Each structure stands twice: as C-alpha cells, then as structure tokens.
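Respectively, the protein sequence lines represent chains A and B. Residues in the first sequence are numbered from 1 upward in steps of one, following my numbering. Residues in the second sequence are numbered from 1 upward in steps of one, following my numbering.
Think of the hints as simulated: they come from the structure by calculation, not from any bench. Since we're looking at a predicted model, the values are computed, not measured. Every residue, glycine too, gets a C-beta built ideally from N, C-alpha and C. Heads up, a few of these hints could be off.
Claimed, not checked - Simulated coverage check for chain B against chain A, where a stretch passes if three residues somewhere in it have a Cβ under 8 Å from a Cβ of chain A:
#1 67 to 78
#2 207 to 213
#3 227 to 241
Stated by the list, open to error - Facing chain A, a subset of chain B residues (Cβ under 8 Å, in silico):
#4 L81
#5 F82
#6 I89
#7 E92
#8 V96
#9 G99
#10 F143
#11 T147
#12 G150
#13 A249
#14 M255
#15 L259
Said to hold, decoys possible - Simulated restraints on C-beta separations:
#16 G102/B to Y93/A: 34 to 40 Å
#17 A151/B to L7/A: 53 to 59 Å
#18 Y93/A to Y65/B: 52 to 58 Å
#19 Y93/A to T147/B: 39 to 45 Å
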Amino acid sequence: MKHPAVLVIAAVVLLPLAVRPAIASEIWIFAIFGLGLNLLLGYTGLLSFGQATFFGSAAYVAGYLLKYYGIAIVTALGVGVGIGALSALLVGYLCVQRSGLYFIMLTFALNQLFYFIAYQWTSITGGEDGMPGIPRPALLGIDFRQPLAYYVLVSALFLLALWVMKRIVESPLGKILQAIRENEVRAEAVGYNVPRFKLLAFVVGGAFSGFAGVLYAMLFGIVPLEAIGFVFSGNVVFATLIGGSGSLYGPIIGSVVFIWLSESMSVMWARWPLLLGVAFVIIVLFFRGGVVEAWSRIWRFSKRAS
Amino acid sequence: MLYALMGLGLALITGILNIPNFAHGALFAVGAYLLVTVVGALGNFWLGLLVAPLGVALLGIAIEYAGIRRLYAAGHDYQLLFTFGLALILNELIIVIWGPVGISHLPPASLRGGVDLGFTFYPKYRLFVMVLAALLVVLTWLFLERTRYGAIMRAGIENKEMVSLLGIDIHRLFTVAFALGAYLAGIAGALTAPIRGLSPGMGVDMLGIAFVVVALGGLGNLLGAIAAGLLIGVAQAVVAAYWTEASTAVIFAVMAAVLLVRPQGMFGIR
C-alpha cells in the first residue's frame, strides 16, 4: 500500500466494469459522505450520529432548486455545500459543548428534528413519498442523463473531494483536530479553542455531506425520506468503521464493501436489514478491528487448519 | 407520563452502563407486540400487562449478558453499532413475525368509555395509564432512593470503580440496571398499544423522544429524566391541540431551545 492514491484511481477506472454505473456512482457518493464523517470520527474523535441531517437537507434544498428553478449542476453543488455547512453549523453549535454519550444522543435527536420536519412538510418534501423528478442538467454540452457520463462526473468529483480532504487532514488544522482527539485537555491547555475547532470540523464534515447529498439526489432523480433518516446516519458510521476510521482511505474501502453488500442483499430479500443487523452484531463482537483485522484472523485460521 | 417511563429506563441504562442504547425504542416496540400476542393467546389484558414487560426484561438480560457485557471497554462507537444492529434485528423480526401493517388493539372492556371529570370528558383507559405510569415512576424512584440496592445503583452512576472496589458485583449491577430499564421500556410499550395501536416504526419514533428526555433531564440524573418526560409530554399535548402536524417536531424544538440556554440539560451538573 505504498501508493494508495494510485489504487484509488485504479478502482475508479475498474469499478464500472464490475458493477452497474449507478451502483458504482452510489459507492463514490457514499465515500464522499464517509470522508466527511471520518474527519469527525477518525480525526477529531467525535462520533456524530446525525450526518444524514446535512446530507438530506442539502439534497432537499438543491433538489427543490433543480426541479423548480432549473439551476445548473455547479450551482446545485455549491448550494449543497453551503446548506450542508450551514445545517452543520446550527447542529454543531448545540452539540460541541458536550462530549461522549451526550454528544452522540444530541446529534441523533437533532437528526430526528430534521427528519420530522421533512416528514411533515409534505408540500415541499413530499413526506414519505420523497421528492421525485429531480433532473440532471447538462454541463458544457455533456448529457449527464447517460449513466456512464454521470459516473465519470461523480468519480471525478470524488477524487477532488479526496484530494481536498487529504489537504485538510495534512494541514495545521488537521493536526490540531488530531491533537484534540488524542488529548482534549492538553489541546485546550496549549491555547487552542477546542469547541471552536470541533465546530469547524463539524462544518467541514457537513459541507462534504451536503456535497454528497446533492450528487445522490441527482443520481436517483429523487430525494427519498430515508436520505435524512437516522438509519442513513448509522450506515455511514458503519461503513466508516468497517473500513477503519483511523485512516484517510478507511471510509472508501468501507463504502465499497457496504454499498456492494447492501445492494446485492436488498435484491435478494426485502428484510435484508435483518442480515445487516446480524452483521453489525457479529462484527462488533468478533471482528472489532475492521476489514484489515478480520482478514488477518481468517488468514491465520486457515493456515492453522491446513 | 409514558415519556417519563421511557426516559427513566434509558437514563438508568445510560447512567449506569454508560452506553448509548439505540435498542431502547425496539424494546418498547417488543413490549407492545408481546402484549398483543399474550392477550390474543390468553384473552386477558391484565395477564398480558404482567407478562409482556417481564418478557422484555428477560430479553434485556440476554442482550446484556451475551453482548453488551463484552463491550464496556470497547468505546462508544462499537457499543453504538452493537445496539443499533440489535435495533435493526428486533425491528425486522417484528415485521417478519407480526407483519409490516399496523395493528390496532382495544383496551380491556372494563376500561373502555370515558369518565366525567366535571370540566372535561376523559377516556378511562388513558386515565388508567396515567395512574399506573405515575405509580411505576414513584415505585422505581422509591426503589432507587430508599432501598440498599437502589443506593448501590446510584453509587454506580457516580463512581463505578469505587463500587466494585467495595466488593459489589458490578457486572450483576449492570445486568439488573439493564433489565430494569428494559422492563420500563416494555411496560411503556405495552401500555401504549391500546392508545396508538402498533406499527413496526413505533420503536424508532419513541427512541428519539427517549433520547430527548434524557438529554433534557441531564445525563445520569434520574429525577431530571422524570421531570423532562412530563415537560415533553405536556408540550406535545398543548401543541397537538393547535397544530397537529408540528406536535412531534416540537419535542425536538423544545430540546434545542433548552440546550441553547442550559447546555448541560435542565438539571444536569456535568
């Protein structure tokens, strides 16, 4: 793994050969979403259980503008980043002063607030039916209604997002966030305003979520109510943890595994969340180190068996 | 009052075990469905009300014993995944066993109809639920305040190491706390069944409310959870009378407003 960036680019090129372009697009969109969470979970040590708040809010607002005002893709993405950051600012302001269990429960409860607003405001969001009919406008004469053309756009934006995130975590800001993760009291003691940096991480993470949310809305042409629901927040935490939250590339591996598994399970059985739940429980009880550790354990076991 | 029951149970679990219990809503739903099944099989509401929460408490003991016990040292992220996975499993099992369509359930014959309170006419069953829930809250409170084991439990919230150093089996304490929390969730679910009917989504809706109640009351503050449960219930009822659509969102809005003024919750010190 000397050049992970090369591996990622190879995966971007090869993935549409393995799965349908729509699923391949979903994987990279989910990876952008995971990158945003990982800045909080992996780098700052904040377990946010409400990332769907920013994802869904951005998807609804940008989707509404795309549908009724016919804005361009670039504008829609800009709106998504803005709404994601703004909603994260609001939620983060209430949450960052608390830590531990309290923080998790607050992010979840505020997620529920946004969910119920979307659920009840049917004239705008369509409530349980979702907000359908979101177009994919053309850009520079390229028709993105072609699934493969849209995949190229999504994967290019994913690589851009990855590059930006790499710059962020390697910047002084990224180091400060890691210092907060390692020892909050000491970070405070050497003069950093810890709540403000946490809030900043929240806003950046929210911007990534919003960016992913708009791409998601354009991919499926609809904003489903689930996009702002807490199960979605849980899924992205899960994907990041199975990939390994400590590294920059963890959420990418995680979303490849997670989306691929859930897409193939959901066509087999309508009650597939049951299997997902069982998978969560088994992984937590037996394979807590993520994919990497599970692999080495299985490898050792098979070696002993032979 | 039901919110106070849910909040109290969750406050016990979060306070003593220090885990985010995302399966609390699912336990609530299981309580409701068990009630309907037992009443269907035995034809007696009172027996159902006795058996269903005990079943949920047993389930709670099994969950704590088989899973959560191994995760105390694992960090909140894995505890969260575990309870979240459990919630998914229980929720899907409910759909598999009882079907995805909501079920309505009538209160027992002796509690149908209303009572004339002089100024208003109130359904008998709701009155019964209020009295029983209040009784349960008081009993739980008395257990925690006035009995030896309750005192140990409160000590467990304050300082776990000290409690186990004093020679108390902290693991059994954790199991008892989880079972008690599960029991309260189960009986809240069972009592809800004849009021709102049953649907697979009922657990998730309740989970959010229970978290709000605990966050409002202040983490580890049991009396605060009871007060917050009452406040949320009243706020929702008042808003529902004027603007039905917003009655769920208002719960979260109240929480946001309170936390803006007092980030540590209404009665929280930490």
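Hints, one by one, checked against the model:
{"no.": "1", "hint": "67 to 78", "in the structure": "holds (count 7)"}
{"no.": "2", "hint": "207 to 213", "in the structure": "holds (count 3)"}
{"no.": "3", "hint": "227 to 241", "in the structure": "violated (count 0)"}
{"no.": "4", "hint": "L81", "in the structure": "holds (5 Å)"}
{"no.": "5", "hint": "F82", "in the structure": "holds (4 Å)"}
{"no.": "6", "hint": "I89", "in the structure": "holds (4 Å)"}
{"no.": "7", "hint": "E92", "in the structure": "holds (4 Å)"}
{"no.": "8", "hint": "V96", "in the structure": "holds (6 Å)"}
{"no.": "9", "hint": "G99", "in the structure": "violated (12 Å)"}
{"no.": "10", "hint": "F143", "in the structure": "violated (24 Å)"}
{"no.": "11", "hint": "T147", "in the structure": "violated (26 Å)"}
{"no.": "12", "hint": "G150", "in the structure": "violated (22 Å)"}
{"no.": "13", "hint": "A249", "in the structure": "holds (4 Å)"}
{"no.": "14", "hint": "M255", "in the structure": "holds (6 Å)"}
{"no.": "15", "hint": "L259", "in the structure": "holds (5 Å)"}
{"no.": "16", "hint": "G102/B to Y93/A: 34 to 40 Å", "in the structure": "holds (38 Å)"}
{"no.": "17", "hint": "A151/B to L7/A: 53 to 59 Å", "in the structure": "holds (58 Å)"}
{"no.": "18", "hint": "Y93/A to Y65/B: 52 to 58 Å", "in the structure": "violated (40 Å)"}
{"no.": "19", "hint": "Y93/A to T147/B: 39 to 45 Å", "in the structure": "holds (42 Å)"}
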